[in-house]
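Colleague: Start from the sequences and build out the full structure, keeping to the hints where you can.
Protein chains in written order, with the UniProt record's numbering: chain G, 1 to 220; chain P, 1 to 220; chain Z, 1 to 220; chain B, 1 to 220.
All the pointers check out, no bait thrown in.
Because identical chains cannot be distinguished in the list, a pair is counted as satisfied if it fits within a single copy or across any two copies.
Within a straight-line C-alpha distance of at most 27 Å, the following computed DSSO-like cross-link-like pairs (lysine-lysine) qualify:
(1) Lys63 to Lys121
(2) Lys159 to Lys172
(3) Lys77 to Lys20
I should point out that these hints are in silico values taken from the structure, not numbers from a laboratory. Model, not experiment: these values are computed from the prediction.
Protein chains: 4
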Amino acid sequence: MERFELIVQTLFESNNLTEKQRQILKAAVQLFSEKGYAATSTSEIAKLAQVAEGTIFRHYRTKKELLLAIVGPFMEKIADSYIVNDLTNLLKKDYQRPEDLLSAIIENRRDIIVQFLPLLKIILQELPFHPELREHFLQLISDNMYHRVVEVINDYQQKGMLKKLPPTAIAKFAITNILGHLFTRYVLFPHLEWDDVRDTEQLIQLIMNGIGNSDSKVES
Amino acid sequence: MERFELIVQTLFESNNLTEKQRQILKAAVQLFSEKGYAATSTSEIAKLAQVAEGTIFRHYRTKKELLLAIVGPFMEKIADSYIVNDLTNLLKKDYQRPEDLLSAIIENRRDIIVQFLPLLKIILQELPFHPELREHFLQLISDNMYHRVVEVINDYQQKGMLKKLPPTAIAKFAITNILGHLFTRYVLFPHLEWDDVRDTEQLIQLIMNGIGNSDSKVES
Amino acid sequence: MERFELIVQTLFESNNLTEKQRQILKAAVQLFSEKGYAATSTSEIAKLAQVAEGTIFRHYRTKKELLLAIVGPFMEKIADSYIVNDLTNLLKKDYQRPEDLLSAIIENRRDIIVQFLPLLKIILQELPFHPELREHFLQLISDNMYHRVVEVINDYQQKGMLKKLPPTAIAKFAITNILGHLFTRYVLFPHLEWDDVRDTEQLIQLIMNGIGNSDSKVES
Amino acid sequence: MERFELIVQTLFESNNLTEKQRQILKAAVQLFSEKGYAATSTSEIAKLAQVAEGTIFRHYRTKKELLLAIVGPFMEKIADSYIVNDLTNLLKKDYQRPEDLLSAIIENRRDIIVQFLPLLKIILQELPFHPELREHFLQLISDNMYHRVVEVINDYQQKGMLKKLPPTAIAKFAITNILGHLFTRYVLFPHLEWDDVRDTEQLIQLIMNGIGNSDSKVES
DNA sequence: CATGAATGAGTATTCATTCAT
DNA sequence: CATGAATGAATACTCATTCAT
Numbered sequence: 001m002e003r004f005e006l007i008v009q010t011l012f013e014s015n016n017l018t019e020k021q022r023q024i025l026k027a028a029v030q031l032f033s034e035k036g037y038a039a040t041s042t043s044e045i046a047k048l049a050q051v052a053e054g055t056i057f058r059h060y061r062t063k064k065e066l067l068l069a070i071v072g073p074f075m076e077k078i079a080d081s082y083i084v085n086d087l088t089n090l091l092k093k094d095y096q097r098p099e100d101l102l103s104a105i106i107e108n109r110r111d112i113i114v115q116f117l118p119l120l121k122i123i124l125q126e127l128p129f130h131p132e133l134r135e136h137f138l139q140l141i142s143d144n145m146y147h148r149v150v151e152v153i154n155d156y157q158q159k160g161m162l163k164k165l166p167p168t169a170i171a172k173f174a175i176t177n178i179l180g181h182l183f184t185r186y187v188l189f190p191h192l193e194w195d196d197v198r199d200t201e202q203l204i205q206l207i208m209n210g211i212g213n214s215d216s217k218v219e220s
Numbered sequence: 001m002e003r004f005e006l007i008v009q010t011l012f013e014s015n016n017l018t019e020k021q022r023q024i025l026k027a028a029v030q031l032f033s034e035k036g037y038a039a040t041s042t043s044e045i046a047k048l049a050q051v052a053e054g055t056i057f058r059h060y061r062t063k064k065e066l067l068l069a070i071v072g073p074f075m076e077k078i079a080d081s082y083i084v085n086d087l088t089n090l091l092k093k094d095y096q097r098p099e100d101l102l103s104a105i106i107e108n109r110r111d112i113i114v115q116f117l118p119l120l121k122i123i124l125q126e127l128p129f130h131p132e133l134r135e136h137f138l139q140l141i142s143d144n145m146y147h148r149v150v151e152v153i154n155d156y157q158q159k160g161m162l163k164k165l166p167p168t169a170i171a172k173f174a175i176t177n178i179l180g181h182l183f184t185r186y187v188l189f190p191h192l193e194w195d196d197v198r199d200t201e202q203l204i205q206l207i208m209n210g211i212g213n214s215d216s217k218v219e220s
Numbered sequence: 001m002e003r004f005e006l007i008v009q010t011l012f013e014s015n016n017l018t019e020k021q022r023q024i025l026k027a028a029v030q031l032f033s034e035k036g037y038a039a040t041s042t043s044e045i046a047k048l049a050q051v052a053e054g055t056i057f058r059h060y061r062t063k064k065e066l067l068l069a070i071v072g073p074f075m076e077k078i079a080d081s082y083i084v085n086d087l088t089n090l091l092k093k094d095y096q097r098p099e100d101l102l103s104a105i106i107e108n109r110r111d112i113i114v115q116f117l118p119l120l121k122i123i124l125q126e127l128p129f130h131p132e133l134r135e136h137f138l139q140l141i142s143d144n145m146y147h148r149v150v151e152v153i154n155d156y157q158q159k160g161m162l163k164k165l166p167p168t169a170i171a172k173f174a175i176t177n178i179l180g181h182l183f184t185r186y187v188l189f190p191h192l193e194w195d196d197v198r199d200t201e202q203l204i205q206l207i208m209n210g211i212g213n214s215d216s217k218v219e220s
Numbered sequence: 001m002e003r004f005e006l007i008v009q010t011l012f013e014s015n016n017l018t019e020k021q022r023q024i025l026k027a028a029v030q031l032f033s034e035k036g037y038a039a040t041s042t043s044e045i046a047k048l049a050q051v052a053e054g055t056i057f058r059h060y061r062t063k064k065e066l067l068l069a070i071v072g073p074f075m076e077k078i079a080d081s082y083i084v085n086d087l088t089n090l091l092k093k094d095y096q097r098p099e100d101l102l103s104a105i106i107e108n109r110r111d112i113i114v115q116f117l118p119l120l121k122i123i124l125q126e127l128p129f130h131p132e133l134r135e136h137f138l139q140l141i142s143d144n145m146y147h148r149v150v151e152v153i154n155d156y157q158q159k160g161m162l163k164k165l166p167p168t169a170i171a172k173f174a175i176t177n178i179l180g181h182l183f184t185r186y187v188l189f190p191h192l193e194w195d196d197v198r199d200t201e202q203l204i205q206l207i208m209n210g211i212g213n214s215d216s217k218v219e220s
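Modeller: Printed below as a string of structure tokens:
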């Protein structure tokens, strides 16, 4: 409960939503992530949000518009501001080694990443079925994140701390591993027992082996 | 069309299905993968399969049973026999270096992996929503694949060709990267332009950097 | 038409039903009594009630709930208030002889009994198939009617006008004969020609012979 | 199980039925009486009878024809032969007093009456909805039973043992009470505790009070 | 703004019945 | 004779959406 409250609050802090609107968004995020978009009915959302069915459609003309009202801002705000700001901030801290940056991204902010997992889950579920979403997502990534990430990677490459591979490949590799791990950890098999500290350490090590220069390679 | 025909034929070659059954399965695989399980109606399946709606329910008592009739055999047959046999066969061929094995797994059999992508997509979509599926999946992996994979990894480790990391971590890392790449390539953004040969090479190189011993590391 | 209108109006006078609700109940009473509960489809009810099928389910979550919404209130209101009040009123009128009471119950109120015959028919049809209904029915009878009826019977017994048989047996005997007659008359063979005045007279005479004291016995 | 076997065997002893046919009829009687005709599906019957669905329709062209195949013979054979023969037999035994005859009808043959209760239940359930059935039923009663019953009643009336009421009224009164009692006892509330010996005694006494002459009246 | 009754197309599933084997 | 796969209309019920209040 608390959890979805927080998501909506964080995501829509700037918009001034009515109480009803917040309740609707909260309920929608919860149900979409728990049962999937198609398997969630607007009446369920209304019931959980404690509003009349009509109220939903006063604010969002269709069910799909409600989905986009959740996923859109998330992609924009999060992808754009959160992570990018993060990266900028992290950059300022002048992490000497890329593994420190990775570690900071994963470890220091694990709770924030985890916080938004329901939204990530929704996006991953729906991306394949909504071409506009996919377009939007791609554009956001290429417009905002790509340059920043490439910048950071270039920086490290010039310091000789990353292999001279194409930055795109490095980025994709790092992201795949981080998201893949989080997905396995929190979406696929959240009920398994995990040793998060050790797993993250190992993950970073493996990623760095992959993209780091020999100097920074860590043998076990 | 051709494509889903092939999937069903390959997957259910042993079962002797009636023509109608094959049509139903074919249509279901296509629609489930294209629109998602929940967003596909049984009447759509019937129409595409060119059978009466009642016919579906003669063979599969519920829509969910139809899903399981597709996903179950896939997980069993493929996970169990296909990939395992593959690994065994590949092992016999005595791939000198693990990157050759990886390359063989990815490249030589890309078409087969690609062939079953619709099913993979269905599984990835539905796994989070069907606990029994998740259980089943987990058990199949741990029962069949785990030991084989660990065996192979041990072998290479003893030959000094893989780092002395826990085989589980190595396996998870490799699988994450392979599936992550395929997912990005074929599910998320199939419409982007990809240079498959170069991408695969790069992927293997990155994975190997991660898990391989210095000797086998390839600088770019 | 008129007839079912009246039933619903009388039965649900206290509840303030919407127009649609009244139409639905009216149609349901008509069809359930004419074709039986199981043989009546919700779409037929909707059509006859001139509402959308969904409207039925907005008010009554299931078809069975609709049945209970009809049968429940009838059993409660009628069994509880109608007949009991009747008896009380009748009692106040100080019918000297029990046959006068019987006659009043049957004859004076034949139209009311006849008015609710469709509902009686529904109850008799469905009672065997719905244990909860049976329970409910039994409880209503034992809770409300039993004591009143026993009271009346006791009264007459003390006046020496009824045999000193167990009041339960007397009650069951009288009710069986009254309902049995009405059932034969109006449900089984309504199309036969009946001489209601004579038949009722005869019925009362027979009942009274059965339970009355010799003094009040009437020879033909 | 045993029970429905017996019904079918007794009812169709003359017809030479195949094993399958007997199983179908047995299953149909059971299900029709337990759930009602409309609420019973042919596939249920087929399953319980352990025959293919098609087999039912080979013998009975429609579901309704199956109903008539059960109810028709019952009405004919039972109404015609059983009860009539009974009455004849009973008549021959020269029951001195009508209450002895009544007692014989009810008590001595209670098991047989009870044996066919499922069929009685079916008939009572379906009679209101199938006009042909009702016609058939009426005709059987008036053709076969009426004269016999009137004969017996006349006999007792001439012996001064029954009131000089119209035989029809006497017959209806007796039958109503017997059937009404059995219906209450075995169909409506079979789960209540009943003292059959005492109840029957009381019932006969009440009936006799109603129709018997003062001489044979029994005070309690 | 919010409501919730109303809608009718759509849902998964069951039905009685047919017919080729 | 018996089967059971096949049918498509029908079933009870749900859906997203509208609109008068």
